[in-house]
Amino acid sequence: MTEVMLTDLTKNFPSGARPSVDRLNLTFTSGKIHALLGPSGCGKTTTMKMIAGILQPSAGEITFDGASVLRVRAERRGAVMVFQNHLLFPYMSVGDNVGFALKMRNESRVVIRARVEEMLELVKLPGLADRRPKQLSGGQQQRVALARALIVKPNVLLLDEPLSNLDAHLREDMRELILGIQRQLGITTVFVTHDQEEAVVMADQIALMFDGVLHQNAAPDQFYDCPASERVARFFGNINVLPGTYAGGLFTSARGAFHAPRAAITEGPGSLTIRPEAIRLGRASAETRAANQMDGYVLSHIYKGTHARYKIAAGDLVLEVVTAPEATQLHGDGDTVRLTLPPEKLWVMPRPA
Amino acid sequence: MTTAQFLTKPIASSRSGLTLMGLLRGAALVLLALWLVGPFIPMLVWSFAHRWTFPDLLPKQWSLEAWTYVADPAAQVLPAILDSLLIAVPVTLLSAAIAIPAGRALGLHRFRGKRIVEFLILAPNIIPGLTVALGIQIVFINYGLDNTIVGVILVHLVASMSYAVLVMAGVFSNYDPEAEEVARTLGANRFQTFLHVTFPAILPGLVVASLFAFLISWDQYVTTIIIAGGFVKTLSILVVAAAGGGERAITAALSIVFVGPAILFLIIASKYLTGENSSAGGLGRR
Amino acid sequence: MQFERLKIWLMLAPALLVLFAVFIGGLGFGIARSLNYMPIIGLTQPNFDAYIGLFSLTEFWRSLGMTLYIALTSTAISMVLAIGAALLLRRAFPSKRLMTFLFSFNLPIPHIVGAIGIMFLFAQSGFMARIAHGFGWIERPMDFLVLVNDPYAIGIILEYVWKEVPFIGIVVLAVLQSIGDDYEAVSQTLGAGPLQRFRFVILPLITPATLSVSVLVLAFTFGEFLIPYLLGQTYPATLPVLAVRLFTDPDLNKRPEAMAMSILIAVIAALMVLAYMWLSRRIVRSD
Chain A
1 MTEVMLTDLT KNFPSGARPS VDRLNLTFTS GKIHALLGPS GCGKTTTMKM
51 IAGILQPSAG EITFDGASVL RVRAERRGAV MVFQNHLLFP YMSVGDNVGF
101 ALKMRNESRV VIRARVEEML ELVKLPGLAD RRPKQLSGGQ QQRVALARAL
151 IVKPNVLLLD EPLSNLDAHL REDMRELILG IQRQLGITTV FVTHDQEEAV
201 VMADQIALMF DGVLHQNAAP DQFYDCPASE RVARFFGNIN VLPGTYAGGL
251 FTSARGAFHA PRAAITEGPG SLTIRPEAIR LGRASAETRA ANQMDGYVLS
301 HIYKGTHARY KIAAGDLVLE VVTAPEATQL HGDGDTVRLT LPPEKLWVMP
351 RPA
Chain B
1001 MTTAQFLTKP IASSRSGLTL MGLLRGAALV LLALWLVGPF IPMLVWSFAH
1051 RWTFPDLLPK QWSLEAWTYV ADPAAQVLPA ILDSLLIAVP VTLLSAAIAI
1101 PAGRALGLHR FRGKRIVEFL ILAPNIIPGL TVALGIQIVF INYGLDNTIV
1151 GVILVHLVAS MSYAVLVMAG VFSNYDPEAE EVARTLGANR FQTFLHVTFP
1201 AILPGLVVAS LFAFLISWDQ YVTTIIIAGG FVKTLSILVV AAAGGGERAI
1251 TAALSIVFVG PAILFLIIAS KYLTGENSSA GGLGRR
Chain C
2001 MQFERLKIWL MLAPALLVLF AVFIGGLGFG IARSLNYMPI IGLTQPNFDA
2051 YIGLFSLTEF WRSLGMTLYI ALTSTAISMV LAIGAALLLR RAFPSKRLMT
2101 FLFSFNLPIP HIVGAIGIMF LFAQSGFMAR IAHGFGWIER PMDFLVLVND
2151 PYAIGIILEY VWKEVPFIGI VVLAVLQSIG DDYEAVSQTL GAGPLQRFRF
2201 VILPLITPAT LSVSVLVLAF TFGEFLIPYL LGQTYPATLP VLAVRLFTDP
2251 DLNKRPEAMA MSILIAVIAA LMVLAYMWLS RRIVRSD
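Residue numbers (the numbering used here), protein chains in the order written: chain A, 1 to 353; chain B, 1001 to 1286; chain C, 2001 to 2287.
So here's chain A without its partners, still in its complex pose (with noise of 0.2 Å):
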């Protein structure tokens, strides 16, 4: 159970004009599951490598627990790193892998052939230490991965992209696996990811990341209700975005005025955004717009069995709104809507001018 808290860390390479990572702060709480998301290139895995040890930041702080852990190499940080392509040892059997640590810390070889068993147990793998990496399937192999880290009872797990090289359909398990241990053991686990998907299913917390600086960092529902910015919300899939100015809890753009009491900003020029789901599509009528209303046309439609999903353009802006399957028999491609926003679902996101 260990805290690891990052201040103003920083990371710059002889060759790249601006910081791979620029002061960064960020607390991974103890026990927790942490996400550390964004496009790749954005010092998500420069930021893990510094936590493990094997790079060295340019500036700034890592603590473990309150104590520095600048001065401890990565031999002795015990934070382990699961790597994407798993790295297994391809000269070493798969026990042999498991037990490395051990190994070097010089155990003898019974302890280390019990506690071997053991974390094969923990993967599901029980009885595959004589193999070799070589004749196991990919998930297998980043399973076995797992348990070479785990086997030191590390005070940090670090993933890099711990599910992307699998199969869709071995990915649930594999996830699940990952969770339920880390639940059982309760390891400080960050891991690193560019699948905001994988970040919200997994994580407790999720540091969304671009360009090496922190953009948001919350708990996985909030990218959603109260993304940070413009940029935070098209990260996670929400093109709903309406540039306007807010003040007093109107919000006034070119496409009307909208009450939203939930907001980032107190007044000043704004970003209006809502969840696709959240917007409710109904019939063009004749009667003048109510407040948190506006007209446009479907553009297109996809029929996706549990629910519908429209592309709308309203003026020079195209909204998603996500409704019931039955919408279809309603609204084709080229009907006029009326979407109504309710005000609660409403958030307001400040806009760099």
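Source of the hints: derived by calculation from the structure; they are not laboratory data. Certain hints may be false.
[What the hints assert, rightly or not] What follows is a set of in silico ranges between Cβ atoms, one per label pair, in the way DEER data are often shown: (1) C:Arg2091 <-> B:Leu1057: 15 to 23 Å; (2) A:Ser108 <-> C:Pro2151: 45 to 53 Å; (3) B:Ala1241 <-> A:Pro14: 49 to 57 Å; (4) C:Val2267 <-> B:Arg1115: 20 to 28 Å; (5) B:Leu1044 <-> C:Pro2151: 28 to 36 Å.
Built from N, CA and C at the ideal position, the CB exists for glycine as well.
We have chain A already, so just place chains B and C on it with the hints.
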């Protein structure tokens, strides 16, 4: 500080630039560099030395005597270069001509007996040329090929060609013949297909293979001596004779001339093999 | 299908022609001659006289020992230094390009030139001796160590090491680069210190490629004529030098022995490679 610590990556080392480890690494690098260029330093100096007696670190008198000798048409050097070229150029052309189809067969096709063929082609890289030359020389006497340039070419060809085939097999194993099929469907005939599709694709590999073939022949000494000792005087024979004779200035100048094709090789190869691949270009030259 | 197979063999035909006519032919006639079997000149009764003659010669055994000693020593030293140099170059930040250039620069340089360079450097009146004099360590050339044409074949070994360290090193470097840093990083987070990373991670990863290229070096240094000819001492000479000496002997009766010796050199060189192949396959299988 252990050796391994010094050799492996200084992960998470101190942030400041100069460390003891860094200094040791730097010193080792300088030593390595000196060791690699070391043999060339006295060679260069000797080639311009008039008299260079012990214990002078540099000659008291400089001169171009050695180089004048090397360039003198009346001396043996130019004919020796000619002989070397008369052997190495045909060996190179033959090697390339043999290696293109053979490399293609080995790189692109699977067939019964392939392993045996591969083994045969590898064998001249393991069996010394000395053994082959001593054996075949008996036959050459009967066919009047001993003491001739043709005989020398044939013996050099074994090593040059087998190496060229290995390189071309590697080239073709990374080659996609579907481009040829596309060209054929677009109306190119066999010759046009080879000229416009296959040849450009394999050219870098072919250049490297040919350069290797040339250098292997150029460097041969003992095989030439066995087949045509006394009759064919290549540059390598001249260099070895000079080295044995003790004329240091001339030996040095000859050595530098002898290295010429290798330098040319490096320049050409670096054009065709960029970046890390350039190291692969040197593979196989022991 | 039949046609396709014919086409493949036609493509291989020129290469096979050269191999069979010159290479296999040369070996075959060499073997025949070494067995005193040459119907053309009336020798129709093969025998092992030449081999028996060689085996009863003390010089042969001393030469064999010398040749093996040179080949094994220079290969072992080259291998160790090549690994060290490759590890060093991998991280040599400011001068990596220069060093890699020097490494590959050495590769196409002929052994002859290397041998001459070693002579200029290490002869008793050579460059090193002059430097030693400059430091006041020696008075006259004779005071300097005998490093060329010496009884311990140091000059020969120096030349081989000079030439083969880059050859093996470039292979090790390529393997190291293809491995990347991640295996080391992973083992480091698992608690492996620098020595352990070298012993348990880097070494096992580079061993297969390093050994395969080193065994080629071993076979080459065993069968090479020129370097021991230029830098070695007269007695005991290495086997290839002895073979050529017997071949060029005015006494033509020594020719079968020259043949026998050259065949033995080839057999031993081939056995080295075959033994390595057999061993490495067994190790892979037993894994």
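Hint check results:
1. C:Arg2091 <-> B:Leu1057: 15 to 23 Å: violated (34 Å)
2. A:Ser108 <-> C:Pro2151: 45 to 53 Å: holds (50 Å)
3. B:Ala1241 <-> A:Pro14: 49 to 57 Å: holds (53 Å)
4. C:Val2267 <-> B:Arg1115: 20 to 28 Å: Holds, since C:Val2267 and B:Arg1115 (Cβ atoms, about 21 Å apart) stay within the stated range.
5. B:Leu1044 <-> C:Pro2151: 28 to 36 Å: Holds, at about 31 Å.
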